[in-house]
Each structure stands twice: as structure tokens, then as C-alpha cells.
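Asker: Please take these sequences and the hints and turn them into a complete structure.
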Amino acid sequence: MTSAALLTRPSGSPPPPTESAAFFSSLTEPLCCVVQLRTQPQGVIHQVILDPDKRHKSLIRLGEWPGDEILGWQHMHNIVIHAVLGRVERVSEREVKVTPLA
33 MTSAALLTRP SGSPPPPTES AAFFSSLTEP LCCVVQLRTQ PQGVIHQVIL DPDKRHKSLI
93 RLGEWPGDEI LGWQHMHNIV IHAVLGRVER VSEREVKVTP LA
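Residue numbers for the sequence shown follow this note's numbering, beginning at 33 and rising by one.
Treat the hints with caution; some may be incorrect.
Stated by the list, open to error - Here are the in silico distance ranges between beta carbons for each label pair: (1) E125 with A53: 10 to 20 Å; (2) G104 with E125: 12 to 22 Å; (3) E51 with R126: 29 to 39 Å; (4) R126 with D85: 28 to 38 Å; (5) S58 with T131: 23 to 33 Å; (6) S124 with E61: 11 to 21 Å; (7) E51 with T71: 31 to 41 Å; (8) A53 with I102: 11 to 21 Å; (9) E51 with S124: 28 to 38 Å.
Just so you know, the hints here were simulated from the structure itself, not pulled from any lab data. Because the structure is a prediction, the values reported are computed rather than measured. Where a beta carbon is used, it is the ideal one built from N, C-alpha and C, also for glycine.
Answerer: Okay, structure coming up:
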């Protein structure tokens, strides 16, 4: 089993919005991630696929892929990325394949 690429600081504090912004600006392919919304209590995390094709200005659309645990438009600065699980490709309407990052 390949471990996820953790993006939190050693202290466990989430990255500041500027680091999240840098992540989103460099997003070039769909990635399966573990995220937290800044508007939710700490410890509430979700698995979603962050798709660069679903960005519009400062927003990103979540819930378009099978298994997404958040639905709707979110401000990218509101999303804290805790881990990148891997690259994603759609297998069928209800199934995706996640390939761990090398």
C-alpha cells in the first residue's frame, strides 16, 4: 500500500490559503484528495476529486465524480488539502480508478 502525500505541517495545522492557492494553480489533472472545508469543524474531512476542468475563477465544482463526498461550488481558498491520494481516471459512470502518485 502506498502512503498518501500529506500536505499538512508537522504540527498538524492546515496550510494557509496561499499554499492552497498555489496547489490549485498548479492542478493539471484530476486528483483524488482528502480535504477539509474551512467552514467546518476541525477533523471533518472529505474525499473528493479535484478536477482542473471544473474551475471557474476562484471557484471549483465538487461532486461531479463518483464517490465525491462534497457537492457544489466551493471557493478554492475555503478548501484545505490534507492529502493527495492519487491520479484519477473514470472507468465507468459509477467507478473511478485512482493511481497513487509515484
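Asker: Would you pick out the hints that fail for this structure and give their numbers low to high?
Answerer: 1, 4, 5 and 7
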